[in-house]
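First to last, the sequence lines map onto chains A and B.
Going left to right, the first sequence walks through residues 1 to 610 as my numbering numbers them.
Going left to right, the second sequence walks through residues 1 to 610 as my numbering numbers them.
The set of hints was computed from the structure by calculation and includes no laboratory data.
Treat the hints with care, as some may be off.
[Said to hold, decoys possible] Every beta carbon over 10 angstroms from chain B, so not counted as near; a handful from chain A, in silico:
#1 Lys-46
#2 Met-157
#3 Asn-286
#4 Ser-295
#5 Trp-296
#6 Ile-319
#7 Ile-361
#8 Gln-398
#9 Lys-407
#10 Thr-484
#11 Gln-564
[What the hints assert, rightly or not] A partial selection of chain B residues facing chain A, derived with a Cβ cut-off under 10 angstroms:
#12 Val-133
#13 Phe-149
#14 Asp-266
#15 Gly-339
#16 Ala-580
#17 Gly-606
Where is the CB? At the ideal position from N, CA and C, for every residue including glycine.
There are 2 protein chains.
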Amino acid sequence: MTEIDKLLFQKAYFDKFKTSLRTNLCGELCKGFLEKKVKICGWVNKRRDHGKIIFIDLRDFSGIVQVVFDHNYNPQVYSKAKKLRNEFIVLVEGKVCARSKDTVNEQLTTGEIEIFADELKILSCSKTPPFFVDQREKVDELTKLKYRFIDLRSDEMQRNLRLRSKINTITRDFLNSQGFIEVETPILAKSTPEGARDFLVPSRLNPGKFYALPQSPQLFKQILMFSGFDRIYQIARCFRDEDLRADRQPEFTQIDLEMSFVEIEDVITLVENLLKVIFIEALGFNQSFTFERFSWKESMEKYGSDKPDLRYSLNIEDITEVFKNTSFNIFINVINKKGFIKCLVVDDYNKFSRKDLDDLILIAKQYKAGGLIWARVEDDFNLVSPISKFITNEEKLQLIKKLNLKKGNLLLIVADDFLVACQSLGAIRAFLANKLQLIDYEKYKFSWILNFPMFEWDEQEKRYTTMHHPFTRPTPETEKFLETDPKKVISLAYDIVLNGNEIGGGSIRINDINLQKKVFKVLGFNDNTIESNFGFFIRALEYGAPPHGGIAIGMDRLVMLIAQAESIREVIAFPKTQSATCMMTDSPSEVLEYQLKELSIKVDKGLENK
Amino acid sequence: MTEIDKLLFQKAYFDKFKTSLRTNLCGELCKGFLEKKVKICGWVNKRRDHGKIIFIDLRDFSGIVQVVFDHNYNPQVYSKAKKLRNEFIVLVEGKVCARSKDTVNEQLTTGEIEIFADELKILSCSKTPPFFVDQREKVDELTKLKYRFIDLRSDEMQRNLRLRSKINTITRDFLNSQGFIEVETPILAKSTPEGARDFLVPSRLNPGKFYALPQSPQLFKQILMFSGFDRIYQIARCFRDEDLRADRQPEFTQIDLEMSFVEIEDVITLVENLLKVIFIEALGFNQSFTFERFSWKESMEKYGSDKPDLRYSLNIEDITEVFKNTSFNIFINVINKKGFIKCLVVDDYNKFSRKDLDDLILIAKQYKAGGLIWARVEDDFNLVSPISKFITNEEKLQLIKKLNLKKGNLLLIVADDFLVACQSLGAIRAFLANKLQLIDYEKYKFSWILNFPMFEWDEQEKRYTTMHHPFTRPTPETEKFLETDPKKVISLAYDIVLNGNEIGGGSIRINDINLQKKVFKVLGFNDNTIESNFGFFIRALEYGAPPHGGIAIGMDRLVMLIAQAESIREVIAFPKTQSATCMMTDSPSEVLEYQLKELSIKVDKGLENK
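Using the sequences and the hints given, assemble the complete structure.
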């Protein structure tokens, strides 16, 4: 029983729901109410007509209770009940009676009693619903989204949104207790095209000008620090007009917090305590918590990812050293280019068909690796591999020792530059975890990723971009490389990772105007770009900024992970599809000509192809 | 001392703010810390250079403490301190010492001590600020908005936003305790042009289509009721693209809540309890609370407004009956047209010059009254008035009796149809309250307005519009007039009024599809309009809806009233001006051509004049 369930079963909580139309909730009734007269409201979940006696399962958010309409007990009410259909909403007055022993349902908290109806009022009729709320798993997602008002009646959606609300509350309570205040920042904000694409809002009062919906409240949060608010948070709606990948939404929610006069450890401690209290209270989760820490490089080396899933081992090993004198051309080339030879070792090659190996090679290639080399450890440590003839005995012995090889092992080797070797093996690692069922779904494994490179090179744009955002502070030790060798700059950023998902990211921010300008310069911004995008922010910085830092935690993903839901759409009341439409309201939609005229804009579908 | 101040002064609360950079907050230091070494951070609020000794007032959000840089005590730190200027941000290490008796400042909680600095670190420099944070009342509002990051450092803005955060917390805590859950509804929603003007958001992925920012989460709230969530709330951001009146913002916040299986009394009780807890906890307000109730008609009759200010009396009186046999033509005409003769009685006509009376007449005319008739009560109850010759002795005696007239009284009379007579005298009533200083600013007087007409006639559009919204349920008794005489329909709506401000409004909603369609019909919507605007809502209604109702309380105005601030801009972190611009970020702004291309839109400023 989770905390939520416990709460639901508290009498005091139920009592709050007493209204003019009901004395009790369906789910609270039990033997303690025997012989009591009650007035309850709810949805007809199921109706069973047994001739002279009709049973309905009456449902409200708290649970289900059985109501009996007996021709002998009350013929008038009985005949009214004949009209009931699934999803009708009714008010029932009646007496709580014990069920006969053979009809007790031990699965239900209300299973020992039933209500003999003295009164029945149909509050609302319903068409036959497109699907039954207790059979949603059989329904395709688009239908569920179109009839969201039906789907939301299901146990799962009720549970998920109630859990989400609870996580909101826990978060706010905790942050309030730590001296944070909640400050709302604008949704009608300014377009700063750096970063993801903005949603724009034409201004009627300022023709030709546009607001942008905020991609995050980052700059406002920082300005609130400049303004002396010391600690602020917001459970903030953010917007990104991206081509939606599987599990993204055009609008999403993050726990966004910012603190003054802090260093990394202050933020990390606070966030760890926040996550602990969320997991303990929301989930009744008593597992002991550890937050491992990895530098970005270490995480890439070990797990091939900056969001490692630690619920299973299967680490990437570096075997470059083994092959330092190799005669195998591909390895030689890689080593000459300062690349790496890395591998995964899987227990049992018998689980892999030729086709499986081909699939793994495909994955490696998706991640830009030239290829994937496999090797089987057979009897007497015989290495069977497409490249076995290039592996000397000395190399083999070193491999056996370094990787602690055993008969039956399968080696999966990639030789490439650092990122490609790590990331392709990281993807294979994640694939294998599923295939080989290595994941313990009961586990919640947190880690911090630290010491990120400040910049990455964008091959397409031929310029540096920031790995986090331009307001992240470089480490004092590497700040000097800003002007000489930006790729050596390490940032004071930190990501918090849970079970292979990045659930949050933050940093200590720049609070020095000259440093900020240097970073903008590395990114190739000229004075105009800086002024038009960040002019106000630069001006604010001129009037002083305390050392500060913060984090943004993705609420949708966090709730999804806690609820063990399959997608973030399962924890959002009215989500959008991958084409960014709402199936229920049919939005976005065409608008009236006069609305556009007032906004001084015009639709021109041809424009996009020009 | 308010609750907030009390909280601020709790040691446990202060302790949370300990970080790598500080051991204490400025405002917590007092005699209890004598001889302790502390490390504090903050802004230089003031700097006084007394030759060999420099004093700074160091400020953080918790308060101000005096720091001493003494050449004799520590010459190195002293010389560093010479560089300090206002609004520099510094870290000071030093010892807490007692001030000499003659320098104790009893105004300050830290006024008995000062810090002798052993270390000084300048964390951030500042240009000379455009104004001092403790002198904001001398600065024009546009400058304050442009330099919001400075203005927000002021005591007033710190207090207001902290108060707002506290009210958020109290609201959520209370609603959570009453079984509500918080559900977030979309910001990228559907345009429903009925009502105020929508802000539109072009969809890139659906060229030619638009989202609308929600004017309120009304329909989503109701659909959540259809979905069985029973009780939900949201502190919701709402958007209206209106021509901004003095105290409006294009985006604003409301406490939006909805409950199932309720009648009016259930909602009213809940909201009264919510407001009580907000006022008691936020304000430490111990006044006993009463919530008066008026029908809309009664409120119009007595106060000439549906948002009566009850902090003073000065009620409108009806004297139509007195003049039923009048020979005065204007009165005869009004009575024949079923109009009313109404008046205000003011104590002392000596306070009114001829010019004052002319001003009052102007106000009456602004509210469409034909005119305003005044009458003075002189010696021996002699009525001096432009119309005295039309007033018979019998009428005079009746007036004296009915209005309890005394020598010196001034009567202000309007004869017109019901609404004009009430509203013009209502406006004069409000004007006089200020002029005669009748308002007790310590009072918080709540009232509920009930029994609103469902519809009002829109002379411009030649059709009925709803006084609240089309989802408001008519009373069972007047529902029958929907098809025969809509103006007789009374709605199950309620407004909550505080000191002459409507702070919230709500209703019991329609939960019957046929009734909903009838209301749409009265509003002149055809099937197409209904389908394109509310199709999804009608479809949801087909699958059943519980009886439900709710309310929306304007958060900005509520906080403003509690803070006794002069405008809602004083309780919003980053407000917009009357032309809907943000002075600080310079938004809305022009965007890049490619951004518009991607959205398949084009700016055409000529359009608005076509």
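Status of the hints after comparison with the structure:
1. Separation of A/Lys-46 from chain B is adequate, the least Cβ-Cβ distance of about 15 angstroms exceeding the 10 angstroms criterion.
2. The claim that A/Met-157 lies off the interface is violated: its Cβ sits roughly 8 angstroms from the closest Cβ of chain B, which falls inside the 10 angstroms cut-off.
3. A cut-off of 10 angstroms between C-beta atoms confirms that A/Asn-286 is not in contact with chain B; the least separation is 24 angstroms.
4. The Cβ of A/Ser-295 sits about 20 angstroms from the closest Cβ of chain B, beyond the 10 angstroms cut-off, so the non-interface label holds.
5. At roughly 22 angstroms, the least C-beta separation between A/Trp-296 and chain B is larger than 10 angstroms, which holds for a residue marked as non-interface.
6. Non-interface call for A/Ile-319 relative to chain B: holds, since the shortest CB-CB distance, roughly 41 angstroms, exceeds 10 angstroms.
7. For A/Ile-361, the shortest C-beta to C-beta distance to chain B comes to about 34 angstroms, beyond the 10 angstroms cut-off, and the non-interface label holds.
8. Against chain B, the non-interface label of A/Gln-398 holds: every CB pair exceeds 10 angstroms, the least being about 45 angstroms.
9. For A/Lys-407, the condition that its CB be more than 10 angstroms from all CB atoms of chain B holds, with the nearest at approximately 53 angstroms.
10. Every CB of chain B is more than 10 angstroms from the CB of A/Thr-484 (nearest about 25 angstroms), matching its label as outside the interface.
11. For A/Gln-564, the shortest C-beta to C-beta distance to chain B comes to about 20 angstroms, beyond the 10 angstroms cut-off, and the non-interface label holds.
12. Interface hint at B/Val-133: satisfied, since its Cβ lies 9 angstroms from the closest Cβ of chain A, which is below the 10 angstroms cut-off.
13. A least Cβ separation of about 4 angstroms between B/Phe-149 and chain A falls short of the 10 angstroms threshold, and the interface hint therefore holds.
14. The criterion of a C-beta within 10 angstroms of any C-beta in chain A is met by B/Asp-266, whose closest approach is roughly 5 angstroms, and the hint holds.
15. For B/Gly-339, the suggested interface contact is broken, since its CB lies about 38 angstroms from the closest CB of chain A, more than 10 angstroms.
16. A least Cβ separation of about 5 angstroms between B/Ala-580 and chain A falls short of the 10 angstroms threshold, and the interface hint therefore holds.
17. Checking B/Gly-606 against chain A: minimum C-beta separation of about 8 angstroms stays under 10 angstroms; hint holds.
Violated hints for the displayed structure, listed by number in ascending order: 2 and 15.
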